[in-house]
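Visitor: Quick note, the sequences are listed as chains A and B, same order.
Just so you know, we're using numbering that gives the first Met the number 0 here: the first sequence kicks off at 0 and counts up by one.
Just so you know, we're using numbering that gives the first Met the number 0 here: the second sequence kicks off at 0 and counts up by one.
Calculated from the structure, these hints are not laboratory results.
Note that the coordinates shown come from a computational prediction; the quantities given were computed from them, not determined experimentally.
Ideal Cβ positions, reconstructed from N, Cα and C, are used throughout, including at glycine.
Among these hints, one or two may not hold up.
[To be verified] Listed below are the simulated DSSO-like cross-link pairs for lysine-lysine, each with C-alpha atoms no more than 30 Å apart in a straight line: (1) B:K536 / B:K362; (2) B:K442 / B:K629; (3) B:K629 / B:K640; (4) A:K324 / A:K461; (5) A:K324 / B:K681; (6) A:K461 / B:K41; (7) B:K536 / B:K633; (8) B:K362 / B:K633; (9) B:K362 / B:K629; (10) B:K442 / B:K362; (11) B:K137 / A:K493; (12) B:K41 / A:K49.
[Unchecked claim] Quick look at which bits of chain A chain B covers, simulated, 3 or more residues with Cβ under 8 Å: (13) 393–406; (14) 469–481.
[Unchecked claim] Footprint (simulated), chain A over chain B, 3 or more residues, beta carbon under 8 Å: (15) 37–45; (16) 231–243; (17) 669–677.
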Amino acid sequence: MHGLLASISYNNWILTVLLALPVLGALALWAQGAAMRHADETARTSAARKLALVVFTAEAVVSLGLWWSVDYSSPLWSGYVAVPWIPAWGIFYRVGVDGIATMLILLTTLLMPLTVLGSWTSIRERAHLFYAMLLVLTTGMLGVFMALDLALFYVFWELMLVPMYLIIGMWGGQRRLYASLKFFLFTMLGSLVMLVAILYIGLTAADPLGRPVFAYDVIVSGATYPGMASLWLFGAFFLAFAVKVPMWPFHTWLPDAHVEAPTAGSVVLASIMLKMGTFGFVRFALPLFPDAATNPAVRSAIVILAVVGIVYGALVSMVQPDFKKLVAYSSVSHLGFVMLGIFAFTTQSLQGALMVNINHGISTGALFLLIGMIYERRHTRQLADFGGIAKVMPLFAVMLTIVALSSIGVPGTNGFVGEFLVLVGAFRTEPIASVIAATVVIFAAVYLLWALQRIIYNPLSKPENQALKDLNARELGLLVPFIAGILWLGLYPKPVLERTQAAANRVIERVHGMGADGSVAGQGR
Amino acid sequence: MLLQETVHPLAETAARFVWWLPTLPLIGFVINGLLSLQAATKLGPADPSADADHAHAGHGAHAHDAHDAHAHDAHAHDAHDAHPPRHRYAAITSIIGPGVLIASFVLALAMFFAMRGVEADAPFVSRLFSWMPVGDFKLDAALQLDALSMVMVLVITGIGSLIHVFSVGYMQDDPGYPRYFAYLNLFVFFMLLLVLGANYVVTFVGWEGVGLCSYLLIGFWFSEQANADAGKKAFVVNRIGDFGFMVAMFLLFAHLGTLDYTAIAANAGTLEPGGAVVTAICLFLFIGCTGKSAQIPLFTWLPDAMAGPTPVSALIHAATMVTAGVFLIARSSVLFSLAPVASLTVALVGGLTAIFAASIGLKQWDIKKVLAYSTVSQLGYMFIGVGVGAYTAGVFHLVTHAFFKALLFLGSGSVIFAMHRAYHATHNHGDDAQDMRNMGGLKAMMPVTWTLLWIATLAIAGVPPFSGFFSKDEILSAAYSRAHESTLADASLLGMSGSTVLYLVWILGLASALITAIYMTRMMLYTFHGPNRTDEKSRPHLAEAPWVMTGPLVVLGVLSLFGGWLNLPEVITHMVPLGPAETLEHWLEPVVGEATARVSGGAAHVAVSTEQMLIAGAIVIAIAGIAIAKARLKPEALLTKDASEPSRGFERILERKWYVDEIYDALVVRPIHALSRSVLWKGVDVGLIDTLGANGSAAVTRFAGWIGSQLQTGRVGTYAWLLVIGAVVVLRAFTAGN
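Same shape as in the complex, but just chain A (with noise of 0.2 Å):
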């Protein structure tokens, strides 16, 4: 595989392809959408979502290669590209990857083209523009884990924001405007700060011809910030990634966007967009301000909201009463296993938390599909609605049962592999903290399987769920990728273990270079 990848010099193109072929296809979709302006809906929908289905198939396709292409363990960057963009302002079109961005690379394009299954039969307006969305939202998203450039990093940043805010504005639920806004003000705040910090930067790195400097090597291997402007600028990218992520207490507009938007708005937000937020802190965050971030009253503070968020986020999900917002809490929960895996500086809790955005991506992103199936079948989400629908849906309880227990985390799952790595680790550094977080698999399984028996088990006592019918091929096939990847991740998670090891300990390396409490280091036996 590796000599074949070579041959087609793979690396040099890969990720330039990643990113143009979602714009591409927008376009493409475009263009099908005035072809076919006077179309009835279901023929445009039904041609839409076809071509956007292609696109995406392609797309993951091709990513394929990253698996072995990438070198994990060089600390040089993989399918590295630099051109000019901007060059009076010192922008460039600069990425590459290592093993921490492949892997969520990965997870995107193989996420996408099973969110497009998803909406199959629920996106029945405007299809064409939704896609086309959904495709520019794709570019945006793996630029930033791709963007070597600050500048550039910030426009991918901002790309994502605004299909997101069309898919949840124009496709969403009663409450959509209200919801939309939210998330766009929310995220639009964060990021704005950031702006300013990045411009900040770029101007004190500036060559000697006066040129600001956004390379994310020169910035990480040079830069030197005078007295309280590590923190203000560490602060900065806090509060955008913390919006993101999202931490407590930043985390109110999530509940209302999840719930609000479409399946497959919900998937990506969940899936993929919150790990922008904990990947900004591994990517930029970290490195860039490692004094910052290893600063005692500034990693007491994180820590202590991952460990608000965690129990918090469990404990408001067990008195839900809409399934979608219940998930949506719960991952203000995981995210924040995430938020302590990093902060407690230790190679198994930075692996865990890793492990966890992944993981959290495939359970929570499987639970929204699985939601947006029954709320084609009645139109609703409320628990209250349901009962006993395992007799007329039996493969769908099946797969709710398994997505579930990976959420909950039990052992053989992913999601136990990723708490507990985080969680072992994390111990050696915060041991109160690890075992506040802990406290967790107790609530999770409450609101889970609390949530389980309202919809699947108990008395099919209303009328309307007895003519329930289950999954159809679609749905079940597009179940299979999650299913699969749950139980690979759980009882073989070393490849993927393998792959962001390399760069884990880096990010390890850096901040106990740095920082002030080297003593982690010494740790390892």
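Place chain B on chain A using the hints.
Guide: The following block gives chain B in isolation, referenced to the frame of chain A:
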């Protein structure tokens, strides 16, 4: 390490196939699971929302299969009110379900004989693959075969096979027949992982996996809310324990740098004996045990778990899963022997649980509930054993208990089966087939079951020479002798000297033995003796179950009778030449010998005369209990459930199980829910953050309205397209610069 350098003597024997032990039931799970799904599945239409509106007609029948027959029964019940045709795949399932277990058992026997033939002090570790390697955290998926896991494997696959065979008869008419066997096979898979794991994490996989299967099987008849509730409760309460287990693993890794059993045994010496670390590790492990093995304060799920089919109660909630905590402490005996305070805690909690649960057992009317509380109580005994450092005695009682309690549950299953058949034949859906007040006099109709259940009753009551007598006596005399002299006696707990605690535990154990004999005799009298209290119509239909069910009972009866021979005490073999003494003790010596010696300080036994006194006392107590029950209880005067008055005073407190569920509900469950709903969600989220933060200003609301109107006109759609085109222009700019 030594293991990797030299070839283990077991490596060339059947032991190298150790991974087949769990794999066989896993195969059974996959096949039965697929059969179950295949039979239940009808793929839906391509567009799921298309026919949502006109779907009522014609599909109703699908919803009214035989599960619903349970719904109009007053209680969670075992057998079936409707007799639908047998499941389409019943024949295949009947072969595969028990077949994989029997194959596993045969393999286990081969390994057992291989182990007997070789001298091996170190466990045989079979490394399958590297599971979670991260930095210095090296975690393998690995299985470990040693004397202790061998005993457990034989019990699990042996008793498991019998219960699988019994289930073929018991569940024959259930519409979920393959699903039942799928879950049961999966359970055995996880249970074998639990006992065969070579590190705490693999054990934990099994530990949580059996909890999952327990959840699925308790809620097997999920269309009744009580069953689904009971399953969920079991899972959640177990997870409270699992939290403790996890923290113990964090501590172990932080302080010893490994979670492998062999490495921990080798490095445990670096922990300060009696120090805070090892005590904390053991106490957190024990929290895990209180969940899985239903000890105070986490026992409340087990009685509710009786909502599952009765063979499940026998296998999971009596013979195997609930004893996992006892196994875990025996497995961690090196650690516990270094932590006297933790060991005393284990023994004390075990003693208190033993008497507390026994007291509730005195006033239960549901035959399965009696047995459930009896199980909690007997598990308490096992914890006394492993708590006082008599690890072999704890495991010995685990084994004999598996024999007689499985027999008791399966026997009660036969009774319930007969009652259900009779009620079904007469279309009686109102009466409770599990309530002893509705039974009586079944001795005449079910003589085989009657005989076997008396054997089990005498065994659990501790009458010689039945198996329970030997194991219970060994635990009690160990508690007594450790109180006399041991590292535990020198420690202190809650301001009491260890010696005082252990004498107290010993007295609790004696008192529980008396109560046990009473409630078990009560159960036998009310069920099998006196007049029959079923109605005239039902009575002729009461009969012994088919041989596929009675056969396994007979085997268990033999085991309950002679199980004591596994570990005869020397003091008895010296008096009566029954056979070799302390066989199990010698067998387990490589695993728990060192830890046992460390706790007892070498003084293994008290004086022979004292030991004889203890034995005599135990026999007197057992017989006294039976006599008291015979003298005080009048099965002739008992009224049926419907005719009975509600009990009063202290009896009512016992009948209502000391109101523990209600207390937990009021003190824990409700406050947490109220906090989450009123304070966190409605208060902090919606009230504080959103009001102050996001929606505070009226301008925001107005802006939202404006944006809304823009979206409605579709103009934003145009902007969106502009965005796409802009992005393309930007991308072209890259190439232009190239």
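Visitor: For each hint, tell me whether it holds in the structure or not.
Guide: Each hint, compared with the structure:
1. In summary, the hint linking K536 of chain B to K362 of chain B is supported, as the alpha carbons are separated by about 29 Å, within the 30 Å threshold.
2. Taken as a hint, the K442 of chain B and K629 of chain B pair is honoured in the structure, with Cα atoms around 16 Å apart against an allowance of 30 Å.
3. Distance check on the hinted pair: K629 of chain B and K640 of chain B sit about 21 Å apart at the alpha-carbon level, within 30 Å; holds.
4. Distance check on the hinted pair: K324 of chain A and K461 of chain A sit about 23 Å apart at the alpha-carbon level, within 30 Å; holds.
5. Taken as a hint, the K324 of chain A and K681 of chain B pair is honoured in the structure, with Cα atoms around 13 Å apart against an allowance of 30 Å.
6. Restraint check: the Cα-Cα separation between K461 of chain A and K41 of chain B comes to about 21 Å, which is no more than 30 Å; the hinted pair holds.
7. At most 30 Å may separate the alpha-carbon atoms for a hinted pair to count; K536 of chain B and K633 of chain B meet this at roughly 25 Å.
8. For the given pair, K362 of chain B sits about 14 Å from K633 of chain B by alpha-carbon distance, which is consistent with the 30 Å threshold.
9. Taken as a hint, the K362 of chain B and K629 of chain B pair is honoured in the structure, with Cα atoms around 16 Å apart against an allowance of 30 Å.
10. Taking the CA atoms of K442 of chain B and K362 of chain B, the gap is about 22 Å. The hint holds against a cut of 30 Å.
11. Note on K137 of chain B and K493 of chain A: the hinted pairing holds, with a Cα-Cα distance of about 11 Å set against a maximum of 30 Å.
12. Between K41 of chain B and K49 of chain A, the direct Cα distance comes to roughly 26 Å. Compliance with the 30 Å bound is thereby established for this hinted pair.
13. With a threshold of 8 Å between beta carbons, the proposed coverage of the region 393–406 of chain A by chain B holds, since 4 of its residues qualify and at least three are required.
14. Beta-carbon proximity to chain B at under 8 Å applies to 7 residues in the region 469–481 of chain A; the threshold of 3 is reached and the given coverage holds.
15. Counting residues of the region 37–45 of chain B whose CB falls under 8 Å from any CB of chain A gives 7; the rule of at least 3 is met.
16. Only when three residues or more bring their CB closer than 8 Å to a CB of chain A does the claim for the region 231–243 of chain B stand; here the count is 7, and the claim holds.
17. Coverage of the region 669–677 of chain B by chain A holds. Counting CB-CB distances below 8 Å, 5 residues qualify, and the rule asks for three or more.
Violated hints are absent here; each numbered hint is respected by the structure.
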